[in-house]
Amino acid sequence: MSTTAAPVPGASREQLDRLEEHWGERPSLRAWLTTVDHKKIGRRYLVTAGLFFALAGLSALAMRTQLARPEAGLLSPQEYNQLFTMHGTAMIFLFATPMLFGFGNFLVPLLIGARDMAFPKLNALGYWIFLFAGLFMWASLPFGAAPNAGWFAYVPLTGQQQTPGLHMDVYSLGLLFLGIATAAGSINFIVTALKLRAPGMSLNRVPLFVWAIVATGFMVIFALPALNLDNAMLFLDRRFGTHFFDPEAGGNVLLWQHLFWIFGHPDVYIIVMPALGIVSAVLPAFTRRGVVGYVLVVFAIVAISIISFGVWVHHMFATGLPRLSYSFFSAASTIITIPSGIQIFAWLATMLLGRLVVRVPLLFVIGFIVTFVLGGFTGTMFALTVFDQQVTDSYFVVAHFHYVLVGGAVFPILAAVYYWLPKITGRMYHEGLGRWAFWLVFAGMHVTFFPMHLYGLFGMPRRVYTYPSEPGWDAWNLVSTVGSYLLAVGLLLVLAGVVHAIRRGRPAPPDPWGGDTLEWSTDSPPKPYNFAVLPQVHSLHPTWDESSRESMGAGAEADRVLADGRRTLLTSELDGRRERVVEMPASSWQPLLLALAMLLFFTAMLFAWYPVAAVAAVAVAGTVATWLWPPRRPERELGVSA
Amino acid sequence: MSAHPGPRARLAGGLLFWYAVLGGAVAWAVHLLAGWGVDELTCASGSDHIGGVPLRAAVGAAVALPALATVGALLAAVLLWRRTHLPSEGEDRSVGRGRLLAVVGVWSNLLFLTIIVLGGVALLVLPPCQR
Amino acid sequence: MSGGVRAATGTAALTTELPVGRSTGWWGMVMFVVTEATLFACLLGSYFYLRFQFGAQWPPPGIAPPTLLKPLVMTAVLLPSSLPVIWAEHGIRRGQRWRLRTGLAATFLLGATFLALQANEYAEKLREFTLTTNAYGSLFYVITGFHGLHVLVGLTMIGWLLAASLRGGSFGAHRHDRVRNAAIYWHFVDLVWVAILFTIYLSPRL
Chain D
1 MSTTAAPVPG
11 ASREQLDRLE
21 EHWGERPSLR
31 AWLTTVDHKK
41 IGRRYLVTAG
51 LFFALAGLSA
61 LAMRTQLARP
71 EAGLLSPQEY
81 NQLFTMHGTA
91 MIFLFATPML
101 FGFGNFLVPL
111 LIGARDMAFP
121 KLNALGYWIF
131 LFAGLFMWAS
141 LPFGAAPNAG
151 WFAYVPLTGQ
161 QQTPGLHMDV
171 YSLGLLFLGI
181 ATAAGSINFI
191 VTALKLRAPG
201 MSLNRVPLFV
211 WAIVATGFMV
221 IFALPALNLD
231 NAMLFLDRRF
241 GTHFFDPEAG
251 GNVLLWQHLF
261 WIFGHPDVYI
271 IVMPALGIVS
281 AVLPAFTRRG
291 VVGYVLVVFA
301 IVAISIISFG
311 VWVHHMFATG
321 LPRLSYSFFS
331 AASTIITIPS
341 GIQIFAWLAT
351 MLLGRLVVRV
361 PLLFVIGFIV
371 TFVLGGFTGT
381 MFALTVFDQQ
391 VTDSYFVVAH
401 FHYVLVGGAV
411 FPILAAVYYW
421 LPKITGRMYH
431 EGLGRWAFWL
441 VFAGMHVTFF
451 PMHLYGLFGM
461 PRRVYTYPSE
471 PGWDAWNLVS
481 TVGSYLLAVG
491 LLLVLAGVVH
501 AIRRGRPAPP
511 DPWGGDTLEW
521 STDSPPKPYN
531 FAVLPQVHSL
541 HPTWDESSRE
551 SMGAGAEADR
561 VLADGRRTLL
571 TSELDGRRER
581 VVEMPASSWQ
591 PLLLALAMLL
601 FFTAMLFAWY
611 PVAAVAAVAV
621 AGTVATWLWP
631 PRRPERELGV
641 SA
Chain U
1 MSAHPGPRAR
11 LAGGLLFWYA
21 VLGGAVAWAV
31 HLLAGWGVDE
41 LTCASGSDHI
51 GGVPLRAAVG
61 AAVALPALAT
71 VGALLAAVLL
81 WRRTHLPSEG
91 EDRSVGRGRL
101 LAVVGVWSNL
111 LFLTIIVLGG
121 VALLVLPPCQ
131 R
Chain L
1 MSGGVRAATG
11 TAALTTELPV
21 GRSTGWWGMV
31 MFVVTEATLF
41 ACLLGSYFYL
51 RFQFGAQWPP
61 PGIAPPTLLK
71 PLVMTAVLLP
81 SSLPVIWAEH
91 GIRRGQRWRL
101 RTGLAATFLL
111 GATFLALQAN
121 EYAEKLREFT
131 LTTNAYGSLF
141 YVITGFHGLH
151 VLVGLTMIGW
161 LLAASLRGGS
171 FGAHRHDRVR
181 NAAIYWHFVD
191 LVWVAILFTI
201 YLSPRL
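Chains as they are written, first to last, in the UniProt record's numbering: chain D, 1 to 642; chain U, 1 to 131; chain L, 1 to 206.
Just chain D, with the same shape it has in the complex (with noise of 0.2 angstroms):
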């Protein structure tokens, strides 16, 4: 338990040379375009990411500053609408899941040992999609074409009726295009974290957020395609006239409400998931032990990951389903809760029996825990189905889910950024700054949304562009608008951190926190091929053990350096048996002419020109067919016979 210097290299200088070689890209314009590299991708994933939250919230700024005060004129009621509903699907899916897919990115090979991900380029065409989707959908925005339904989209609301305009379908096809980078992503979590984890690290030496990220990885591929169905099918219906979700010609508007349950529901597990995975990677480092209970934390995270899927009916208690099938759905949602507790009463029995060390990320794992707690409490309320029918559509629900998202997912995101700033650009942020921002964020958190809990429950309806002058409405609907700019100078404070540390920050140390994980045992920032002498796990903390730190140093074998090429190492599913040396492919142009050829197919299909749709899937096959294509190899190599 050591914060030691500069680790003692197991390679020789000439073999860093090598690897440097092999690894390494010079600074061009050449190289930032083509890079696999999953630390620069994972970077850019954070950026890009924090650049749609900033938007995202310039939107609720906006929304907060024209409900100030009764009957107010700043945005007209179409300009509302669709502030709102990119409001939400862009902290949905344009900041949660890619900001913690960026530290996913970043970090999982990092903590496993390895020296890239699985798929490198399919990496960086998921980042390149990832940036192009958000884009797509943030440039409808200044045309008055962005949509404008809300972020969950029901039908029959949302069909060309009701809603003309390009707006629904910039939101089906933004999505689906997303989709596929999501998706993606997720597989290469899996693989990656299934295949390329160092030797010695079988399962139950897996860090909490390396499990997080895969269980998260799982929920994806199994919750995905319910959405992308009904994003495709509502596009067919607005554009092609079919009839899904027409009663009229079949067709019923609850196969929406089911689909996007179904995906909607794990969703909130997809955003939160990782995020507690990050809780569970900070909190050793602060207070000074393992997280309490790993087997049970892992056993939490695989029941909720799957007990996930069998609650969605319970957005849908209000639309007549026979009483029996409901009750199959209430045991599920009860009992999840049991393993959400069990992770809240884990981490608390860590901050208890461990020596705490108050720092800033420590400080928001903390905000993070208070908040999310009274999050809950409320979702409970939502259980009495009396309750819920009284406040459905009011603020109070507004209340209720930025509990659980702010404090869900925000707070343990900016604890990551400032636990793993030291790691991501090698220096320290300024401590009394960053504590700061926390108390602002935690304070003008809880002043903008603790008032819609009251002004929801006295009759206010969310999604309203104005009110009338009411009693209890007025005063607090203005505390509300106070606070959202005290959040958003916190967060104000949070960038300047950033900023001030990589301009100005003191250099970090290879481990400034302690911490217990294999990315602390590395360089900060971490060298292109990650470790110069890839690991041999003994234990659960790696960095805290004495011979797993050794193997990368004194204890160094040449068969764990693997300088000659790009090469990783596969090891086995379970147990992180050595099994063979791979070759990692190097940069590449395909992903983002893949990614190119893909924002041209879906464009087209927004202004409905199909010949140039055509071409671009046309496109889009011939750059797969070309990024497959075999090299060619002497017979021998292969081994052919006849």
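Hints listed in this document are in silico derivations from the structure and should not be mistaken for laboratory results.
Predicted, not measured: the structure shown is a model, and the values here were computed from it.
For each residue, glycine too, the CB sits at the ideal point set by N, CA and C.
For the chain D half of the interface with chain U, some residues (derived, Cβ under 8 angstroms), not all of them:
no. : residue
1   : Leu203
2   : Val295
3   : Val298
4   : Phe299
5   : Val302
6   : Ile306
7   : Leu324
8   : Ser325
9   : Phe328
10  : Ala331
11  : Ala332
12  : Asp575
Which bits of chain U does chain L cover? Going by a derived footprint, with three or more residues having C-beta under 8 angstroms, they are:
no. : region
13  : 9-22
14  : 72-83
15  : 95-108
With chain D's structure known, arrange chains U and L on it following the hints.
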């Protein structure tokens, strides 16, 4: 206990391992889809029999069979837990990994059994098509 | 027998690593197929959802229940098309390139025949109802069309493998991951057809 089980024993053991870890989860998924699907679709078509079988019996089967499968998985998980209750022989990671997933299996099978049983209780109380 | 049970429930057998030794490409393809299979499950689930909400007569009045002859012929063409791929894959594992080429070509032909039959089926159905007639028409064309698109993608993969194997220097006993991954996809496309046959063509007759 033979030190080197043959390939067939290894395959059987490996499959039993996954049944112990995930059996309850799969059984619950089957229970949920079958119970919900049968109940909702039969009621929607305005009948309370499917192919001569009373709906209550059909839904009852969709509760009882998965519950039995989960009990089986629970027993398998307990077996796995006892078999991995060894003093760790130095670097044998398989046993440590088996131990971890045995505990996960025991708890998750208990959890899924509870969910299935709670659904079964509702079957005793509610007529199948009451809205 | 009891010795077998004892061996299978011993510590060593229970902690056998399973699955083990798969390549990253194999896992990637399996995960991709899993997510695609979920998509088809949602699609077919939507069919049953709309059907049972619709009422007694299905297909809706004005549309005759689907005839079985042609879809059964299509099944008879598509299902066996998995066999040559398997045969080809086993061949290339032993380094026999001729088996790879012949098997892929056979599968390609069967798959192309399937698509031609489907086009013929569409030509007939389109006279009766279209995508926009009602929800049944939407479901019929979107489900079968989406599957047809998958057959087309699978065919492209098979044709691509065939082209690469004809070029030479692509596959051999030590390099056949791509063949295996494309084969997994092709088997998946075949199996989905069975589910579609049951849903669209057989279930209205039950």
